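Chains A and B are the protein sequences, given in the same order. Residues in the first sequence are numbered consecutively from 1, following our numbering. Residues in the second sequence are numbered consecutively from 1, following our numbering.
Please keep in mind that the hints were generated in silico from the structure rather than gathered at the bench. Be a bit skeptical, because a hint or two may be false.
[Stated by the list, open to error] DEER-style ranges, computed between Cβ atoms:
id : chain 1 : residue 1 : chain 2 : residue 2 : range
1  : A       : S269      : B       : P287      : 39 to 49 Å
2  : A       : Y260      : B       : L375      : 19 to 29 Å
3  : A       : D132      : B       : E305      : 23 to 33 Å
4  : B       : K205      : A       : Q94       : 20 to 30 Å
5  : B       : K237      : A       : G225      : 40 to 50 Å
6  : A       : S268      : B       : V255      : 19 to 29 Å
7  : A       : S268      : B       : E254      : 53 to 63 Å
8  : A       : S268      : B       : K205      : 47 to 57 Å
9  : A       : D147      : B       : N209      : 55 to 65 Å
10 : A       : E227      : B       : A317      : 36 to 46 Å
11 : A       : S268      : B       : F260      : 15 to 25 Å
12 : B       : D384      : A       : Y260      : 53 to 63 Å
In this text, all values refer to a predicted model and were calculated from it rather than measured experimentally. Ideal placement from N, C-alpha and C gives every residue a C-beta, glycine not left out.
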Amino acid sequence: MNSQLQNQRFTGGSKYVLDPELAKIVNISIELELPLLLKGEPGTGKTMLAHAIAEALNMPLIVLNVKSSMKLVDALYQYDTLTRLNDSRFGDSQRDVSNIEEYIKMGKIGQAFASDWRVVLLIDEIDKADTDFQDDMLDVLDQMHFDIIEIDKTIKAKNRPVIIITSNAKKDLSDPFLGRCNFHHIAFPTPEIMREIVGVHFPQLDRDLAKACLETFYRLREIPGVEKKPATRELINWIRALRSDPDFQSGRLSKGEVPYLGVLFKKSSDFVTAAQHIARFRH
Amino acid sequence: MFVDFFYKLRERGIPVTPTSFLRLQKALRLGLVNSLEDFYIAARSILVKSERYFDLYDQVFAYYFRGAELPDPEGLELKEAAKMLLEEWLRDPQGLARALGAGEEELARLTPQQLMEYFLQRIKEQTEAHHGGSKWIGTRGTSPVGHSGHHPGGMRVGGRSQSQSAVKVALDRRYRDYSQEKPLTHAQMGEALKRLRYMIPVGPKDRVNVDKTIYETMRQGGEIEIVLDRRLKDRLKVVLMIDNGGWSMDPYVEVVQLLFNYARDQFKDLKTYFFHNTIYDYVWEDPPRIRKPHRIDEFFRFDPETRLIIVGDASMAPYELMAADGSIHIEERSLHTSLDRLHLLAKVFRHAAWINPRFEHEWNYVRTIQSIRQLFPMFELTLDGLDKAVRHLMKSN
Chain A
1 MNSQLQNQRF TGGSKYVLDP ELAKIVNISI ELELPLLLKG EPGTGKTMLA
51 HAIAEALNMP LIVLNVKSSM KLVDALYQYD TLTRLNDSRF GDSQRDVSNI
101 EEYIKMGKIG QAFASDWRVV LLIDEIDKAD TDFQDDMLDV LDQMHFDIIE
151 IDKTIKAKNR PVIIITSNAK KDLSDPFLGR CNFHHIAFPT PEIMREIVGV
201 HFPQLDRDLA KACLETFYRL REIPGVEKKP ATRELINWIR ALRSDPDFQS
251 GRLSKGEVPY LGVLFKKSSD FVTAAQHIAR FRH
Chain B
1 MFVDFFYKLR ERGIPVTPTS FLRLQKALRL GLVNSLEDFY IAARSILVKS
51 ERYFDLYDQV FAYYFRGAEL PDPEGLELKE AAKMLLEEWL RDPQGLARAL
101 GAGEEELARL TPQQLMEYFL QRIKEQTEAH HGGSKWIGTR GTSPVGHSGH
151 HPGGMRVGGR SQSQSAVKVA LDRRYRDYSQ EKPLTHAQMG EALKRLRYMI
201 PVGPKDRVNV DKTIYETMRQ GGEIEIVLDR RLKDRLKVVL MIDNGGWSMD
251 PYVEVVQLLF NYARDQFKDL KTYFFHNTIY DYVWEDPPRI RKPHRIDEFF
301 RFDPETRLII VGDASMAPYE LMAADGSIHI EERSLHTSLD RLHLLAKVFR
351 HAAWINPRFE HEWNYVRTIQ SIRQLFPMFE LTLDGLDKAV RHLMKSN
């Protein structure tokens with residue numbers, strides 16, 4: 001039954017530096033047909049991983065961005081009552097008002113089930129929704145089908161999607177939820193891995209500059225009392241800013257100067273803390 | 001296969017379920033696991049569902065597959081001892097450095113965490129010499145910080161070094177930072193308190209109530225009738241009373257401050273008062289407890305839906321609690337015993353909780369804690385305790 005899968009092994013995307021440990025976990029999850037729950041601080045590439053998997057396995061990607069007010073049914077399908085009401089009163093559309101099915105729109109999970117191809121389904125930031133949503137959703141993903149009550153029809157998944165779920169929460173999700181997922185926690189990249197990530201984004205980046213940038217970056221991450229530490233995204237943007245500045249020389253970094261500090265620290269209180277810290281340790 | 005391993009994990013407190021264990025067997029059967037490294041990764045992602053247990057998992061894995069010793073309970077005592085050394089160091093760096101035979105400057109360069117590691121290391125060496133060298137997990141070098149000299153904020157990613165054996169990776173204990181012992185942080189506090197909400201409709205009617213609209217429309221035979229509602233807003237009233245006096249609360253000042261700061265951000269309608277050890281006729285709005293006294297009697301006029309949270313160690317001399325006029329402050333004379341006052345407070349506010357920064361296992365040894373516990377449900381000032389407290393406060397009756 002997995003013959004089609006077996007030759008589809010995930011080895012990484014073109015813009016994503018993959019930790020081999022994580023690659024194994026992804027492959028195990030795909031073959032065990034379990035959703036993979038990813039946790040980790042922002043900027044560790046949780047969302048990017050789903051994109052990379054979709055790209056590597058050549059599958060379409062469907063993203064469900066979870067919101068706090070979301071109900072499970074929104075993710076499955078939508079019964080557009082308002083349009084139907086409008087049609088029934090004014091009757092100026094091509095739709096058949098008596099056929100409810102014409103007013104059913106698929107939500108993201110519905111789309112993933114109805115798709116003719118196997119897709120990667122990314123359920124982003126699951127922790128935003130309440131626990132009922134989380135548990136109910138896992139039921140649906142377990143059974144791979146759901147009912148549309150209005151038309152009494154069951155939608156079955158044509159292909160079991162590859163499901164990636166991300167969570168930023170410091171708190172754990174509910175036990176039944178965790179019981180149905182594989183779990184991995186992505187650590188913040190080490191300088192060596194970060195060097196590779198930077199290399200992927202800036203292939204012609206000067207070695208010395210890259211080294212100086214990373215050293216500064218990891219030093220800045222250790223400034224105490226910062227609420228939102230700069231992450232990968234900030235680093236990439238920062239290097240981009242440095243490169244676009246014609247007056248910039250990498251020697252300035254090793255002297256302890258940090259231009260464009262605002263790119264790295266986005267909260268004003270953090271910015272002030274970091275600026276003070278830098279001023280104190282300049283040499 | 002690996003049933004022992006499974007039970008060892010359970011025994012050490014990792015909540016592994018039989019279902020997930022069967023899943024691991026399935027992975028083995030499918031041929032997904034071809035080496036010990038694969039097993040290390042597969043078993044972890046399938047069995048362990050929180051990074052807080054990763055460290056424990058690493059320990060059990062190393063123990064099971066190599067026979068590394070699990071840290072014995074003595075480890076806890078060691079930690080305490082190291083903490084004392086750290087305090088000693090803050091008081092008298094020079095003296096301590098000399099006692100340990102280390103350079104003062106060398107120590108001064110270390111972060112507090114690293115210092116802690118270093119002290120722990122030194123104490124361990126000493127106990128080992130004493131016991132004739134019991135085996136310890138041996139990744140730590142002899143340099144002041146040894147292997148833990150990595151940046152404190154991050155963790156090492158072991159996947160890099162493919163040549164390393166899984167046992168070695170496990171021995172690295174990369175996930176130490178995430179184990180549960182870590183103190184509360186702002187974000188975690190937020191997570192815990194987030195659920196403390198009381199939604200009631202306020203403001204202009206500007207929300208369409210779809211269900212009612214449909215119902216009314218149908219009732220009128222299709223003549224559209226839009227029903228509007230007010231928005232739901234959080235109108236939770238919270239009264240926070242903090243014990244900020246006396247040396248007994250000193251060790252907890254930081255964590256209480258954190259709680260207080262977070263509460264201030266979170267709740268629009270928050271009133272904070274201070275007291276020392278326990279409550280008599282007054283609490284104070286200003287932290288030094290001088291300028292703005294507030295009579296306890298006035299609280300009885302508050303909305304009974306108000307949530308009352310008292311933070312304090314509830315540890316004092318029994319007479320302070322039981323005797324009329326028991327206050328240790330001469331100017332604070334009262335005809336009531338503090339216990340009476342607390343009793344009244346507990347009666348007026350149905351939703352009340354006492355949050356105690358002392359660990360729960362210590363509670364049984366303090367008489368006053370026991371008395372107060374009978375009046376207020378008491379919770380630990382830990383993530384878990386806060387969570388329980390919040391759940392208790394939000395109970396509808």
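To see whether the hints hold, each was checked on the structure:
no.	hint	result
1	S269/A - P287/B: 39 to 49 Å	violated (23 Å)
2	Y260/A - L375/B: 19 to 29 Å	violated (57 Å)
3	D132/A - E305/B: 23 to 33 Å	holds (25 Å)
4	K205/B - Q94/A: 20 to 30 Å	violated (36 Å)
5	K237/B - G225/A: 40 to 50 Å	violated (32 Å)
6	S268/A - V255/B: 19 to 29 Å	holds (26 Å)
7	S268/A - E254/B: 53 to 63 Å	violated (24 Å)
8	S268/A - K205/B: 47 to 57 Å	violated (37 Å)
9	D147/A - N209/B: 55 to 65 Å	violated (26 Å)
10	E227/A - A317/B: 36 to 46 Å	holds (41 Å)
11	S268/A - F260/B: 15 to 25 Å	holds (22 Å)
12	D384/B - Y260/A: 53 to 63 Å	violated (42 Å)
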